[in-house]
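Number of protein chains: 2
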Amino acid sequence: MIVGVPCENYPGERRVALVPAIIPNLTKAGLEVVIEAGAGTYAGYLDDEYSAKGGKILPERAEVFRAADIVVQVLCYGSNDRTGQADLPHFRPNQTLVGFLRPFGARETLHEIAACGVTTFSVELMPRTQSMDALSSMATLAGYKAAVLAADTLPRIFPMLTTAAGTITPGRVLIIGVGVAGLQAIATARRLGAVVSAYDVRPAAKEQVLSLGARFVELPIEAKDAQDARGYATAQGEEFYRKQRELLGDAVAANDIVITAAVIPGKKSPVLVTKEMVARMVPGSVIVDLAAERGGNCELTRGGETIVEHGVTIIGQFNLASTVPYHASQMYARNLTAFLLNLVKDGNLQFNEADEIHRETLLTRNGEIVNARVREYLGLPELAAESKGA
Amino acid sequence: MIVGVPCENYPGERRVALVPAIIPNLTKAGLEVVIEAGAGTYAGYLDDEYSAKGGKILPERAEVFRAADIVVQVLCYGSNDRTGQADLPHFRPNQTLVGFLRPFGARETLHEIAACGVTTFSVELMPRTQSMDALSSMATLAGYKAAVLAADTLPRIFPMLTTAAGTITPGRVLIIGVGVAGLQAIATARRLGAVVSAYDVRPAAKEQVLSLGARFVELPIEAKDAQDARGYATAQGEEFYRKQRELLGDAVAANDIVITAAVIPGKKSPVLVTKEMVARMVPGSVIVDLAAERGGNCELTRGGETIVEHGVTIIGQFNLASTVPYHASQMYARNLTAFLLNLVKDGNLQFNEADEIHRETLLTRNGEIVNARVREYLGLPELAAESKGA
Numbered sequence: 001m002i003v004g005v006p007c008e009n010y011p012g013e014r015r016v017a018l019v020p021a022i023i024p025n026l027t028k029a030g031l032e033v034v035i036e037a038g039a040g041t042y043a044g045y046l047d048d049e050y051s052a053k054g055g056k057i058l059p060e061r062a063e064v065f066r067a068a069d070i071v072v073q074v075l076c077y078g079s080n081d082r083t084g085q086a087d088l089p090h091f092r093p094n095q096t097l098v099g100f101l102r103p104f105g106a107r108e109t110l111h112e113i114a115a116c117g118v119t120t121f122s123v124e125l126m127p128r129t130q131s132m133d134a135l136s137s138m139a140t141l142a143g144y145k146a147a148v149l150a151a152d153t154l155p156r157i158f159p160m161l162t163t164a165a166g167t168i169t170p171g172r173v174l175i176i177g178v179g180v181a182g183l184q185a186i187a188t189a190r191r192l193g194a195v196v197s198a199y200d201v202r203p204a205a206k207e208q209v210l211s212l213g214a215r216f217v218e219l220p221i222e223a224k225d226a227q228d229a230r231g232y233a234t235a236q237g238e239e240f241y242r243k244q245r246e247l248l249g250d251a252v253a254a255n256d257i258v259i260t261a262a263v264i265p266g267k268k269s270p271v272l273v274t275k276e277m278v279a280r281m282v283p284g285s286v287i288v289d290l291a292a293e294r295g296g297n298c299e300l301t302r303g304g305e306t307i308v309e310h311g312v313t314i315i316g317q318f319n320l321a322s323t324v325p326y327h328a329s330q331m332y333a334r335n336l337t338a339f340l341l342n343l344v345k346d347g348n349l350q351f352n353e354a355d356e357i358h359r360e361t362l363l364t365r366n367g368e369i370v371n372a373r374v375r376e377y378l379g380l381p382e383l384a385a386e387s388k389g390a
Numbered sequence: 391m392i393v394g395v396p397c398e399n400y401p402g403e404r405r406v407a408l409v410p411a412i413i414p415n416l417t418k419a420g421l422e423v424v425i426e427a428g429a430g431t432y433a434g435y436l437d438d439e440y441s442a443k444g445g446k447i448l449p450e451r452a453e454v455f456r457a458a459d460i461v462v463q464v465l466c467y468g469s470n471d472r473t474g475q476a477d478l479p480h481f482r483p484n485q486t487l488v489g490f491l492r493p494f495g496a497r498e499t500l501h502e503i504a505a506c507g508v509t510t511f512s513v514e515l516m517p518r519t520q521s522m523d524a525l526s527s528m529a530t531l532a533g534y535k536a537a538v539l540a541a542d543t544l545p546r547i548f549p550m551l552t553t554a555a556g557t558i559t560p561g562r563v564l565i566i567g568v569g570v571a572g573l574q575a576i577a578t579a580r581r582l583g584a585v586v587s588a589y590d591v592r593p594a595a596k597e598q599v600l601s602l603g604a605r606f607v608e609l610p611i612e613a614k615d616a617q618d619a620r621g622y623a624t625a626q627g628e629e630f631y632r633k634q635r636e637l638l639g640d641a642v643a644a645n646d647i648v649i650t651a652a653v654i655p656g657k658k659s660p661v662l663v664t665k666e667m668v669a670r671m672v673p674g675s676v677i678v679d680l681a682a683e684r685g686g687n688c689e690l691t692r693g694g695e696t697i698v699e700h701g702v703t704i705i706g707q708f709n710l711a712s713t714v715p716y717h718a719s720q721m722y723a724r725n726l727t728a729f730l731l732n733l734v735k736d737g738n739l740q741f742n743e744a745d746e747i748h749r750e751t752l753l754t755r756n757g758e759i760v761n762a763r764v765r766e767y768l769g770l771p772e773l774a775a776e777s778k779g780a
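Going down the list, the protein sequences come from chains Z and C. Taking the numbering used here, the leading residue of the first sequence gets 1, the next gets one more, and so forth. Taking the numbering used here, the leading residue of the second sequence gets 391, the next gets one more, and so forth.
Here are the simulated DSBU-like pairs of lysine-lysine, each with C-alpha atoms no more than 35 Å apart in a straight line:
no. : chain 1 : residue 1 : chain 2 : residue 2
1   : C       : Lys596    : C       : Lys633
2   : Z       : Lys275    : C       : Lys443
3   : C       : Lys665    : Z       : Lys56
Quick list of the computed label-pair ranges, beta carbon to beta carbon:
no. : chain 1 : residue 1 : chain 2 : residue 2 : range
4   : Z       : Phe240    : C       : Ile392    : 56 to 62 Å
5   : Z       : Met160    : C       : Pro673    : 34 to 40 Å
6   : C       : Arg456    : Z       : Thr169    : 32 to 38 Å
7   : Z       : Lys56     : C       : Arg632    : 41 to 47 Å
What the hints contain is simulated information worked out from the structure, not anything from laboratory work. For every residue, glycine included, the Cβ atom is placed at its ideal position computed from N, Cα and C.
If we strip away everything but chain Z, and leave its shape as in the complex, we get:
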């Protein structure tokens, strides 16, 4: 079987789905790898390096799609701006596509992809804490980068310094939403010498926050079933969020930097930082909203943009992992490879309905959206058992 790596085509996307060092792992399992010329350039991986590791460089994009039994991408077609739509005619039934398919995104694009007949596996649907969990890999990098970006934007420095010109007090950073990204943001801000506190609706987060040397912000309100079986925060009622906002206001105002990372899979992000809270922050403060892609945790966030309101810089940049494309591609390639090696047996793709990983990640097959969670999200009826396993 042949695995194909086209160039990414989203504006500003610098990652690549596979890196040269990983190719021998695939070759050993009987898979060949073809790469569109220049696919790794922006991530720092040159065509020659792919060739040296046994990959085959193809000059034309269409050739990659023609040759590949399995196409691997970072960002697949699936946003509202139609980027990648031109690739749809390249797909054929019995071909497989693996990548970020944004299964809880635009309904229309999901149907368009399904209609190509291509079998798709969405990495966002991967069960967690696996060597294949690309969402966690990218969140780790986004959390790191959020803290670095904040440090680069703040008109103050992070560490406490004692100099001949007196003492400089350390920066104060608040992290809201302590998932993988939030934890890495805490660790990075701490590394840089800031005083860090963090808040999460899940009580389980407290221990992790404390273990990183940060303070846990306790609000005297209780969330119902704060955590789902996958370890993600669950959505709460509007009354809960209203009370939470009221109590969070003081914590926000007391910090120079607020990094929000409260994302609920398949849902619009809850607004945790209101415009009133932003107005109470010291001018020059910085908010990095890692939930910007799903509407943002800050009321004033503009997706994909950096704006200044009430003297506060609000960074709503999407896809921070793509700004460290070298390591993001390396981690993603490892995640993908672990997944492919799980999926491919004896040189053939062997889908196994009984395997949680296969079952949870399968998104479309035979012209249909088959994933149970996604069908529920789209309001589609449950599929009959024989259709799912077909």
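Following the hints, position chain C against chain Z.
Okay, now just chain C, sitting in the frame of chain Z:
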């Protein structure tokens, strides 16, 4: 006596010469402080805060100059682009100006300032390791910011991470020139988890480098009188620099980030990183050239700009301290205040030729450039003793 703080007028300059918290220290010594409206805004200090601490806000720039016996600035008139020239008519004999006057900069502007009759003290000429040493304060912040900026630009992350998707190797950072800025760059890159090495022509730097947990790069060449009485590196012959470049090439190529901070007061910065060395770096690497203002330590640096050559991003931004204006202004205000309190006795400016601090920093008086070091730099004859002390 009245101390006046005008708005800074260099494009992009966000610092301010005095901050509200320092005003009471001046008031206690019998000095009043007047501030041009909005002078502290970009640094994060509001007019109301100045008023609350006893400062007087004046709406017009000209009023500040009219009222002030001592004008304090960050960047005084003195660059080639004529910014600040419009202030020259405001100055009068028996008025004093303290700030960054770039005494080893453009000859013409120095003569123009002298011709105003204003008495000027240049903070760059301050003897080192004093609470008044603004050059060290700003270098500390520039070194911190260089590392943060590099981290924000690099397509990799700095720390080593061990994740479910395997291990990420740490970033490799080389610091060339280990003065105050270089040391802070080492400390900051280390905080972020990078593997750091450093090189300096002064053997005395080795111990400092090691104490920060970095490796010292030893080149088998010897510098003559590597350090002057003030602790700054001295200029070496062209043959020395040629050999140094030859040996540094491997160290440069082995790192993802090179931060250069080899500045020699009053001289053009030595070229330490040639274009051939840049070409040998891995694409995606980053150079931050803290010597950009004096020609740069990297041959390809373009002053004030960020460029990409051979896939390497070369940052030649001037004045990095101004990007953390809150703390830069705080430190600078403390430096200035310590200096003013040293200069003012019983509510009057008391110049004392015998005081090293007074003597070394005095730049112009009675229409003349009087500083011995600067006269030497400009090729002017030594002043007669009676003229100096007049």
